[in-house]
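One point on numbering: in numbering that gives the first Met the number 0, the residue at position 98 of the sequence shown is 97, and numbering is uninterrupted.
If you are wondering where the hints come from, they were derived from the structure by calculation, not from laboratory data.
Watch out, some of these pointers could steer you wrong.
What the hints assert, rightly or not - Distance ranges between label pairs, derived from CB positions: (1) 22 - 194: 47 to 53 Å; (2) 28 - 168: 28 to 34 Å; (3) 264 - 68: 24 to 30 Å; (4) 264 - 284: 40 to 46 Å; (5) 28 - 269: 44 to 50 Å.
Said to hold, decoys possible - List time: in silico EDC-like cross-link candidates among lysine to aspartate or glutamate, alpha-carbon distance up to 16 Å: (6) 181 - 169; (7) 76 - 89; (8) 194 - 169; (9) 42 - 89; (10) 44 - 108; (11) 122 - 16; (12) 122 - 169; (13) 42 - 282; (14) 42 - 108; (15) 285 - 89; (16) 6 - 89; (17) 194 - 226; (18) 181 - 231; (19) 6 - 84; (20) 44 - 16; (21) 194 - 241; (22) 44 - 236; (23) 44 - 89; (24) 285 - 129; (25) 285 - 108; (26) 181 - 229; (27) 181 - 236; (28) 77 - 89; (29) 42 - 84; (30) 194 - 129; (31) 137 - 259; (32) 260 - 236; (33) 260 - 169; (34) 44 - 18; (35) 6 - 18.
The beta-carbon is built from N, C-alpha and C at its ideal position, and this holds for glycine as well.
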Amino acid sequence: MIEHGYKVWFNGSVVTETEARVSASSRAAMYGDGCFETLLATKGKFVCWQEHIDRLHAGMEYLGIQQNPSLVSASLKKSVARLLEINRLESIDSRVRLQVWRSGISGMDSPVVQEATAHISVKPAMVEREPLRMIIAKTRRIPAAAIDTRFKLSNYLNYILARQEAIARDADDAVMLTVTGKVSESSVANIFWLKNDVVYTPSLQCDPLHGITRMLTIRHLKSEGRDVVEGEYVPADLNGAEAVWVCNSVRVWQPVMALEKMEFSVSSPVYARMQASFMSYLDSIKG
Numbered sequence: 000m001i002e003h004g005y006k007v008w009f010n011g012s013v014v015t016e017t018e019a020r021v022s023a024s025s026r027a028a029m030y031g032d033g034c035f036e037t038l039l040a041t042k043g044k045f046v047c048w049q050e051h052i053d054r055l056h057a058g059m060e061y062l063g064i065q066q067n068p069s070l071v072s073a074s075l076k077k078s079v080a081r082l083l084e085i086n087r088l089e090s091i092d093s094r095v096r097l098q099v100w101r102s103g104i105s106g107m108d109s110p111v112v113q114e115a116t117a118h119i120s121v122k123p124a125m126v127e128r129e130p131l132r133m134i135i136a137k138t139r140r141i142p143a144a145a146i147d148t149r150f151k152l153s154n155y156l157n158y159i160l161a162r163q164e165a166i167a168r169d170a171d172d173a174v175m176l177t178v179t180g181k182v183s184e185s186s187v188a189n190i191f192w193l194k195n196d197v198v199y200t201p202s203l204q205c206d207p208l209h210g211i212t213r214m215l216t217i218r219h220l221k222s223e224g225r226d227v228v229e230g231e232y233v234p235a236d237l238n239g240a241e242a243v244w245v246c247n248s249v250r251v252w253q254p255v256m257a258l259e260k261m262e263f264s265v266s267s268p269v270y271a272r273m274q275a276s277f278m279s280y281l282d283s284i285k286g
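Construct the complete structure from the given sequences, taking the supplied hints into account.
In structure tokens, the structure reads:
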């Protein structure tokens, strides 16, 4: 691992972070006009690489950003692997960020099809899985009818505002509700809880990100015979839960110890078994 100045991939070239310059009038800076993916690399291997790339490409299509040859899955995977080697990160857990935005000048009018500007960065993952204290944010989740929740779109202001609420209240993260008051997700992750031997999570109708780790969690728990119910829930429905956790592609599973005044165990043996099984499952599908 290098100590200062990571190299990045910028439009097909490997350069230093300071050499990867973007104009202040770019559509990325002016509007957040793009999409991205974040995933975990473990000793050069990835979980659900193709699912992340498919979501990135689908997000580009949704935004009307044109594909380019450097963003084809096989080519992109080689570029990321090479970047990990150059930065001496191939033997540790690393956070990979694939960022795409619409090229061209600022202004609300843009061509129907616009070329992509692309950027890849890799850094040590610094994964924290300590139990979280969470609040319920006043900032509501933007409904899918306004902005499609299937994709990671670059303008994260909705999440940033919720996160700022958590920081202001000395909490680790914030649960975001739908405009109708149902639990949706946290500012950085999907949410699950175990209650009466059933695992619950907000349904996609509650406007959470269509998380890849969320999908894997549901698939794996069901494959082991666990009851998993997706539905619409209010915060009070978490009261009395045996365990609560959030998940995303980098943190994987992280336990929650408190949500507002509700407190949860972080030593549930059932949760511990499910987590261990899920981590083994992830190891088995890395590639």
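Results for each hint:
no. : hint                  : result
1   : 22 - 194: 47 to 53 Å  : holds, 51 Å
2   : 28 - 168: 28 to 34 Å  : holds, 30 Å
3   : 264 - 68: 24 to 30 Å  : violated, 51 Å
4   : 264 - 284: 40 to 46 Å : violated, 29 Å
5   : 28 - 269: 44 to 50 Å  : holds, 47 Å
6   : 181 - 169             : violated, 23 Å
7   : 76 - 89               : holds, 13 Å
8   : 194 - 169             : violated, 27 Å
9   : 42 - 89               : holds, 5 Å
10  : 44 - 108              : violated, 41 Å
11  : 122 - 16              : holds, 12 Å
12  : 122 - 169             : violated, 26 Å
13  : 42 - 282              : holds, 11 Å
14  : 42 - 108              : violated, 43 Å
15  : 285 - 89              : holds, 14 Å
16  : 6 - 89                : holds, 14 Å
17  : 194 - 226             : holds, 11 Å
18  : 181 - 231             : holds, 6 Å
19  : 6 - 84                : holds, 10 Å
20  : 44 - 16               : violated, 23 Å
21  : 194 - 241             : holds, 5 Å
22  : 44 - 236              : violated, 38 Å
23  : 44 - 89               : holds, 9 Å
24  : 285 - 129             : violated, 24 Å
25  : 285 - 108             : violated, 42 Å
26  : 181 - 229             : holds, 12 Å
27  : 181 - 236             : holds, 10 Å
28  : 77 - 89               : holds, 13 Å
29  : 42 - 84               : holds, 10 Å
30  : 194 - 129             : violated, 21 Å
31  : 137 - 259             : holds, 12 Å
32  : 260 - 236             : holds, 13 Å
33  : 260 - 169             : holds, 14 Å
34  : 44 - 18               : violated, 27 Å
35  : 6 - 18                : holds, 9 Å
Violated hints for the displayed structure, listed by number in ascending order: 3, 4, 6, 8, 10, 12, 14, 20, 22, 24, 25, 30, 34.
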